[in-house]
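Participant: All residue numbers for the sequence shown refer to the numbering used here, where the first residue is 1 and numbers rise by one.
Hints listed in this document are in silico derivations from the structure and should not be mistaken for laboratory results.
Keep in mind that a hint or two might mislead.
[What the hints assert, rightly or not] Each pair of labels, with its calculated beta carbon distance range:
1) Glu-187 <-> Arg-50: 41 to 49 Å
2) Pro-183 <-> Lys-242: 21 to 29 Å
3) Lys-242 <-> Asp-15: 52 to 60 Å
4) Lys-353 <-> Lys-26: 34 to 42 Å
5) Thr-190 <-> Lys-398: 37 to 45 Å
6) His-135 <-> Arg-50: 45 to 53 Å
7) Ser-163 <-> His-300: 44 to 52 Å
8) Lys-49 <-> Glu-428: 17 to 25 Å
[As the list claims (entries may be wrong)] Here are the simulated DSBU-like cross-link-like pairs (lysine-lysine), alpha carbons at most 30 Å apart as the crow flies:
9) Lys-49 <-> Lys-26
10) Lys-398 <-> Lys-10
11) Lys-398 <-> Lys-36
12) Lys-98 <-> Lys-126
13) Lys-126 <-> Lys-110
14) Lys-26 <-> Lys-402
15) Lys-98 <-> Lys-304
16) Lys-110 <-> Lys-99
17) Lys-160 <-> Lys-398
18) Lys-355 <-> Lys-380
19) Lys-134 <-> Lys-110
20) Lys-353 <-> Lys-186
21) Lys-402 <-> Lys-355
22) Lys-398 <-> Lys-26
23) Lys-398 <-> Lys-380
24) Lys-380 <-> Lys-402
25) Lys-186 <-> Lys-380
Keep in mind the model is a prediction, meaning the values are calculated, not measured.
Ideal Cβ placement from N, Cα and C applies to all residues, glycine included.
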Amino acid sequence: MNSLTETDRKQVIQDNLDYTLFSWSKQSGLNPIAVKYAEGVYIYDYDGKRYLDFSSGLMNVNIGHGNQRVTRAVVEQMQKVSFVTPSCVTEVRGLLGKKLSEITTGPLNKTFFTVCGATAIENAIKLARLYTGKHKIIARYRAFHGASYGAMTAGGDPRKLPSDAQQVPNIVHVEDPYCYRCPWGKEITTCSRECVSHIERVIQFEGPDNIAAILMEGESGSSGCIKYPPDYLQKVRALCDKYNILLIADEVMSGFGRTGRWFAVDYHGVVPDMIATAKGITAGYLPLGALIVSDKIAAHYNDKPLMIGLTYSAHPVSCAAGLETLNIYEDENLIENAAAMGEYIMERMEELKTKHRSIGDFRTTGLLGCLEIVKNRETKEPMAEFNAPASQMEVMNKVAAKIKELGMYTFVRWNYIFTCPPLTITKEQIDEGLSIISEALEIADGNCI
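Work the whole structure out from these sequences, hints included.
Facilitator: In structure tokens:
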């Protein structure tokens, strides 16, 4: 890679600060990593410093950075046709739809392509209401479904609170099956799944005839990787069947091998009515989302108009990236590697727990995981609370800064440190990452009580 002068490097950062806006942040005082190039599980800045990408970008670069197979597929498609309207068809659109049909479990054989995860969720909500004639959606508080109005309202992520007055109506939230901090004070081995009976009470209070769908992540992601109890999703599916409610699985983050299966719902033996997904479908190389629907829903529109649409639906270049990405998962055995490396991280984390008293809990499914950092293991007092103000983030900000200083890029939020590397990662690279986290956790250990 050609080096830039110090002036040039500074100019790259300054141009971005002067002419672009940054999400979820005040615009002054920012110190972003200026990424010059990326390869495998590493990103490199303009000073030549290497960072281990332990969150796969934003849990989307599943195949690692710089895979030239995707580059070649994209270039080849652009040389054929770079865009057609969604009313036209291309070979790659049909091939990607067919591939999605093959990897989903159960009768989910048709896909509406969107441009991202949020638009997949928006169209899932819209289609659920159109198909059922009902209007309410049940979702969980500790969930994130995207940043557009409908998707943001469906999630319980506090980033929506500044726009609280502008949220869309008819979204009803329920408590989470957060076993480490059970809202009902129960233990997973002896509870009666109060987290499920709670949902049924909400259904009854809201009126089953009003509820179009229950929307849940296939496996929890950025809200803390809150693992579902065994049989939880099966019981939710049973509630949906009992009350004639659709089940929508948000697999935007958990899909495409991230959990060690094609989709996280596969772990639970559950077939949803719709799967909304994105991220790993192209591994972030190009924007693309997908709403995969049941044969029953698809057949409903055989003789009536399907009133959803997007200009960039089934964009041929994005579809080409998606098709090649799915082939890479299979050819390079990345899903199997995600499962194996997830088990390895679990083993290593048991060692770290004995060393660091600030580790309260570690949860992972495949390579979708996070540490929960606490002040006290006995009381489980968090190092920073959910939606913590800046005054509570001093320790975790220092931990995050140390992680960055030591050469790692990962998602640190409230009292969570995420471990979601690309599915290509090796044991040696995991050891490298956990060594960095371990050194940073000495800061947290020093603030335990």
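Participant: Against each hint, give a clear statement of whether it holds in the structure.
Facilitator: Each hint, compared with the structure:
no., hint, result
1, Glu-187 <-> Arg-50: 41 to 49 Å, "holds, 43 Å"
2, Pro-183 <-> Lys-242: 21 to 29 Å, "holds, 23 Å"
3, Lys-242 <-> Asp-15: 52 to 60 Å, "holds, 57 Å"
4, Lys-353 <-> Lys-26: 34 to 42 Å, "holds, 35 Å"
5, Thr-190 <-> Lys-398: 37 to 45 Å, "holds, 38 Å"
6, His-135 <-> Arg-50: 45 to 53 Å, "holds, 51 Å"
7, Ser-163 <-> His-300: 44 to 52 Å, "violated, 33 Å"
8, Lys-49 <-> Glu-428: 17 to 25 Å, "holds, 20 Å"
9, Lys-49 <-> Lys-26, "holds, 26 Å"
10, Lys-398 <-> Lys-10, "holds, 25 Å"
11, Lys-398 <-> Lys-36, "holds, 25 Å"
12, Lys-98 <-> Lys-126, "holds, 24 Å"
13, Lys-126 <-> Lys-110, "holds, 17 Å"
14, Lys-26 <-> Lys-402, "holds, 21 Å"
15, Lys-98 <-> Lys-304, "holds, 23 Å"
16, Lys-110 <-> Lys-99, "holds, 10 Å"
17, Lys-160 <-> Lys-398, "holds, 26 Å"
18, Lys-355 <-> Lys-380, "holds, 17 Å"
19, Lys-134 <-> Lys-110, "holds, 22 Å"
20, Lys-353 <-> Lys-186, "holds, 23 Å"
21, Lys-402 <-> Lys-355, "holds, 18 Å"
22, Lys-398 <-> Lys-26, "holds, 19 Å"
23, Lys-398 <-> Lys-380, "holds, 20 Å"
24, Lys-380 <-> Lys-402, "holds, 24 Å"
25, Lys-186 <-> Lys-380, "holds, 15 Å"
The structure does not agree with numbered hint 7 stated previously, though it agrees with all others.
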